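Residue-level listing of the chains:
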Amino acid sequence: MTAHLIYAAAGLALVVLGAWSFLVHAPLLRKLVALNVMGAGVFHLLISVGYRGLDAPPDPVPHALVLTGIVVAVSATALAVAFGQRLEGSAGEQDRD
Amino acid sequence: MKRREAAITALVLVLSVVLAWAFWNAFSGPTGDRLAELTATRVPESGVTNPVTAVLLNFRAYDTLLELAVLLAAILGIWAVGKASPGFLPAGAVLRALVGLIVPLLIIAGGYMLWVGGHAPGGAFQAGALLGAAGVTLRLAGYPAAGLPPEALLRVTIGLGVLIFTLCGVALMALGYGFLTYPLDLAKWLILVIETAATLSIGATLAAAYLGGRADPTDSGDGVTR
Numbered sequence: 036m037t038a039h040l041i042y043a044a045a046g047l048a049l050v051v052l053g054a055w056s057f058l059v060h061a062p063l064l065r066k067l068v069a070l071n072v073m074g075a076g077v078f079h080l081l082i083s084v085g086y087r088g089l090d091a092p093p094d095p096v097p098h099a100l101v102l103t104g105i106v107v108a109v110s111a112t113a114l115a116v117a118f119g120q121r122l123e124g125s126a127g128e129q130d131r132d
Numbered sequence: 741m742k743r744r745e746a747a748i749t750a751l752v753l754v755l756s757v758v759l760a761w762a763f764w765n766a767f768s769g770p771t772g773d774r775l776a777e778l779t780a781t782r783v784p785e786s787g788v789t790n791p792v793t794a795v796l797l798n799f800r801a802y803d804t805l806l807e808l809a810v811l812l813a814a815i816l817g818i819w820a821v822g823k824a825s826p827g828f829l830p831a832g833a834v835l836r837a838l839v840g841l842i843v844p845l846l847i848i849a850g851g852y853m854l855w856v857g858g859h860a861p862g863g864a865f866q867a868g869a870l871l872g873a874a875g876v877t878l879r880l881a882g883y884p885a886a887g888l889p890p891e892a893l894l895r896v897t898i899g900l901g902v903l904i905f906t907l908c909g910v911a912l913m914a915l916g917y918g919f920l921t922y923p924l925d926l927a928k929w930l931i932l933v934i935e936t937a938a939t940l941s942i943g944a945t946l947a948a949a950y951l952g953g954r955a956d957p958t959d960s961g962d963g964v965t966r
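Chains as they are written, first to last, in my numbering: chain P, 36 to 132; chain C, 741 to 966.
Simulated from the structure, these hints should not be mistaken for laboratory data.
This structure is a prediction, so every number in the text was calculated from the model and none was measured.
The beta-carbon is built from N, C-alpha and C at its ideal position, and this holds for glycine as well.
One or more hints might be untrue.
No more than 20 Å apart at the CA atoms, straight line, and that leaves these computed lysine to any residue pairs for SDA-like [said to hold, decoys possible]: (1) C:LYS823 <-> P:THR112; (2) C:LYS823 <-> P:HIS60; (3) C:LYS742 <-> P:HIS60; (4) C:LYS823 <-> P:GLU123; (5) C:LYS823 <-> C:LEU893; (6) C:LYS742 <-> P:SER56; (7) C:LYS823 <-> P:ALA115; (8) P:LYS66 <-> C:LEU753; (9) P:LYS66 <-> C:ALA750; (10) P:LYS66 <-> C:THR749; (11) C:LYS823 <-> P:LEU122; (12) C:LYS928 <-> C:PRO861; (13) C:LYS823 <-> P:ALA126; (14) P:LYS66 <-> C:LYS742; (15) P:LYS66 <-> C:ALA746; (16) P:LYS66 <-> C:LEU755; (17) C:LYS742 <-> P:LEU52; (18) P:LYS66 <-> C:GLU745; (19) P:LYS66 <-> C:ILE748; (20) C:LYS823 <-> P:PHE118; (21) C:LYS823 <-> P:GLY124; (22) C:LYS742 <-> P:ARG121; (23) C:LYS742 <-> P:LEU58; (24) P:LYS66 <-> C:VAL752; (25) C:LYS823 <-> P:LYS66; (26) C:LYS742 <-> P:ARG65; (27) C:LYS823 <-> P:GLY119.
Per the computed footprint, the stretches of chain P lying under chain C, defined by three or more beta-carbons under 8 Å from a beta-carbon of chain C, are [as the list claims (entries may be wrong)]: (28) 60-73; (29) 104-113.
From just these sequences and the hints, can you work out the full model?
Here it is as structure tokens:
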């Protein structure tokens, strides 16, 4: 009965840890990983919101949100990595100048 | 620096209490007609029997269209900031044989996921993720283009999801239905067409995003790095 609450609490912990790490650490890659941890926490929370007891099917709306959210998170991460690579590249050019 | 860290920790702790309170309220509050019941009663009108697919492609089709647009924007951004990094070394014989086995399996599994999404867990996003995984596997085995088509065709493939989705919506408007309001007898086939286009787009987008930039036009596209 409390399984979904434990799951939600784990999600909450992930959100908080991710937020903390995002704010405390300066390197871009660490910030990106922290954002992804935060995102995983949000997905946890959404999934546990969709729980409606053992005898009822889960709420499909939050599940659909998580499903698209995962793919969007992956592509946004790829975009962020590309930006980071470009930033490092231009920083290297300035160092050579 | 230490003081800043302490301040952030305090702030985050406050945030966690607020979040926990909001979540608990949402959970233990009065349960009226929630979305789950509404969805369950309307699924038979959606053309599919899997409620998640019904939500994704019918009830919240706008949302899914915009999510495909987000994917498109992300890959355009990745292409805008630079070229793809050079390919890895060609794989050894064992890995190459394994890849020759795994990639077709991933493509078949993707097709299965796409079809099964109508009545069981599955659908365009899962199928697209499998196709993307096939691309990543190919890239790791040393294929520089990750199995993606040449650039002109790749652009079409990546835009296909948004294009077909929007065309379906506009065609339905022209026929007198609302934008993306499917008539019941056509709903299944419209959803299948849109999901197929979306699967190809998502798979190509994820694989292209893994390349991390526009593929080098001097690459032959299907050869292995030497």
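Evaluation of the provided hints:
| no. | hint | in the structure |
| --- | --- | --- |
| 1 | C:LYS823 <-> P:THR112 | holds, 17 Å |
| 2 | C:LYS823 <-> P:HIS60 | violated, 29 Å |
| 3 | C:LYS742 <-> P:HIS60 | holds, 12 Å |
| 4 | C:LYS823 <-> P:GLU123 | holds, 14 Å |
| 5 | C:LYS823 <-> C:LEU893 | holds, 18 Å |
| 6 | C:LYS742 <-> P:SER56 | holds, 14 Å |
| 7 | C:LYS823 <-> P:ALA115 | holds, 15 Å |
| 8 | P:LYS66 <-> C:LEU753 | holds, 19 Å |
| 9 | P:LYS66 <-> C:ALA750 | holds, 19 Å |
| 10 | P:LYS66 <-> C:THR749 | holds, 16 Å |
| 11 | C:LYS823 <-> P:LEU122 | holds, 14 Å |
| 12 | C:LYS928 <-> C:PRO861 | holds, 16 Å |
| 13 | C:LYS823 <-> P:ALA126 | holds, 17 Å |
| 14 | P:LYS66 <-> C:LYS742 | holds, 19 Å |
| 15 | P:LYS66 <-> C:ALA746 | holds, 18 Å |
| 16 | P:LYS66 <-> C:LEU755 | holds, 18 Å |
| 17 | C:LYS742 <-> P:LEU52 | holds, 18 Å |
| 18 | P:LYS66 <-> C:GLU745 | holds, 15 Å |
| 19 | P:LYS66 <-> C:ILE748 | holds, 15 Å |
| 20 | C:LYS823 <-> P:PHE118 | holds, 12 Å |
| 21 | C:LYS823 <-> P:GLY124 | holds, 12 Å |
| 22 | C:LYS742 <-> P:ARG121 | violated, 31 Å |
| 23 | C:LYS742 <-> P:LEU58 | holds, 13 Å |
| 24 | P:LYS66 <-> C:VAL752 | holds, 15 Å |
| 25 | C:LYS823 <-> P:LYS66 | violated, 24 Å |
| 26 | C:LYS742 <-> P:ARG65 | holds, 19 Å |
| 27 | C:LYS823 <-> P:GLY119 | holds, 14 Å |
| 28 | 60-73 | violated (count 0) |
| 29 | 104-113 | holds (count 7) |
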